[in-house]
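Trainee: Dock chain B against chain A, hints included.
Respectively, the protein sequence lines represent chains A and B.
Take the first sequence: its position 12, counting from 1, is numbered 12 in full-length UniProt numbering, and each next residue is one higher.
Take the second sequence: its position 93, counting from 1, is numbered 93 in full-length UniProt numbering, and each next residue is one higher.
Simulated from the structure, these hints should not be mistaken for laboratory data.
Owing to the predicted nature of the structure, the values given are computational and were not obtained by experimental measurement.
The C-beta atom is built at its ideal place from N, Cα and C for all residues, glycine as well.
Take these hints with a grain of salt, some might be off.
If we take Cβ atoms under 7 Å as the criterion, some of the chain B residues that face chain A in the derived model are [as the list claims (entries may be wrong)]:
1) G129
2) A130
3) M133
4) I138
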Amino acid sequence: MISSQAYGDNGKMKEYHYSGPVEHKFSPYAFNGGTVLAVAGEDFALVASDTRLSEGYSIHSRDSPKCYKLTDTTVIGCSGFHGDCLTLTKIIEARLKMYKHSNNKSMTSGAIAAMLSTILYGRRFFPYYVYNIIGGLDEEGRGAVYSFDPVGSYQRDSYKAGGSASAMLQPLLDNQIGFKNMENVEQLPLTLEKAVQLVKDVFISAAERDVYTGDALKICIITKEGIREELVPLRKD
Amino acid sequence: MALQDVCDFLQTLDESSPCTSLPNEMGCMWRTPLEFDRDSPFHFLFPPQQNSRKHKTPTVLSSTLSCLSPHQQPFQLSHGTTTLGFIFQDGVIAAADTRASCKGLICCPISQKIMPIHSHLVVNTSGSGADCMLWERILTREMRLYQLRHRRRLSVNGAAKLLSMMLHPFKGTNVCVAATLCGWDGEETQETLRSTDVTTVSAISDESALGSEKAASVNELLKDAHALSLSDQNTKNVLSTSGGRSGPRVCYVCSDGLQLKGEIISVGSGSPYAYAVLDDGWRWGMTVDEAVGLAREAVFRATHWDAYSGNNVDLFHITAHGCRRRDREDLKEEYYREREREKEKIKEREKERQKREGDELVEGEGDIYSGHCG
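One chain only, chain A, in its complex shape:
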């Protein structure tokens, strides 16, 4: 496969636009698109992702979801370079099994987040090109969302969008869930039904404007009863 950088520094497709002599080297990274979103509520958490896998102008698959179930209370969403996503989830699952066998209990969401941070930083000088978001329930049963950057910096939020359409979705979530920049509005806590509807609306909007987002939306709903999945169709063009 010709691996000239499909995603140049300044966002231009280098094959079309002449920006001076360009040296093409083998790049170990590729950008496979996709958007991931996570929302934490009082007693639930949602992790949603689209299912399109693309590269450059092609779509490799319309059925490649980006949420991976880790434990009964934790789901991780990974977007970015698909190769690194697969390897990273394999490594996390192996570490989870090791922890379970040596400590006789499953890892909590906070512990998984801390572990992922050190795994990512271990590759500080050749990073995993993955934008991770972990959603789950913490020890007290409240929803928790942990968002990461590719080298392991993380923090706990109540909502976060990552991936190709993150810049479009994050402001909308800031306004609807965080009530930012709204005056004189009653701040009701987020219910599960409202959160699911909001996530669906938000992804439909993202699919309108982002070429790498579309095809279908998979939502993983995490409550104390377990993890439930919903599949919603999106624009396929």
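Mentor: Same frame as chain A, but now just chain B:
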């Protein structure tokens, strides 16, 4: 950092970094950086050399750097900030904004850049977010080990030297940490220190890197440290008579290897603006309220002029008793208040001008001045 990104400035690499030769299997061997602490649990992998130079002695760092030229990483790490720290007669103030930006996008508007290390030391971090988070954890661990082994806390200068030594193997790579250590050095007697601090400092090391939980533990520390200082009069005497070794300290450590001591230190893309305000208002004999007001004003002005700083202000005040955290303030409210004040001032000036010209109209020749009033 932020300015570098805007100007697309690529750092030229230093080819002359010395290094002893490892068994040179060009191609597939993954190496760990040299001079690295073998006992540390962190093993950093460097990808194999791609440009093999057969004539020069291949140096691990410089050749891997040429493979890891900036365009190979298709993402940027978070940079751009304003942090400051200064000392005055009643302790140390550490302040920072809370915006973490990533080449034009704000990754996180509520990040926490000031992290407490122990009851009397706080570190202001700037540079790449993941590096700062990790090195702060490593520093906390080493400080705790030092305290357990030597039964006294490491001084701020000692902590700066320790951090600088730990960052040295990564000089030349793109690890970017610019930390300001702000704290209070004090000599304390062994017995009193051991009994209380063992419980209090362990509260910090057990917590994960979550801001709210750390703040809670800091409050606990403050209570215990306060109890410690009040309960034992001897401690107080030792603190004051330890001959210049106790007192407020501010120290800057950079991953390039720079270490600075001073009275006022500000770091980040907004630091020139913060320095302007601090230089104007700083005196050794300030009161706590004046110092807090000065720090807030400095960060506020810096966020106004610098695109990469903004959102909120975090403030910590460290004294001999420990550190105290002020509530995070949203600067949006401050801007609106400032605008209201400006409007008021303009109205006042307008009124005065009208009054003045009204008086002159009454006193002097009518026709000429009536033109001005219109």
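Trainee: A separate judgement is required for each hint: does it hold in the structure or not?
Mentor: Each hint, compared with the structure:
no.: 1; hint: G129; result: holds (4 Å)
no.: 2; hint: A130; result: holds (4 Å)
no.: 3; hint: M133; result: holds (5 Å)
no.: 4; hint: I138; result: violated (11 Å)
The structure does not agree with numbered hint 4 stated previously, though it agrees with all others.
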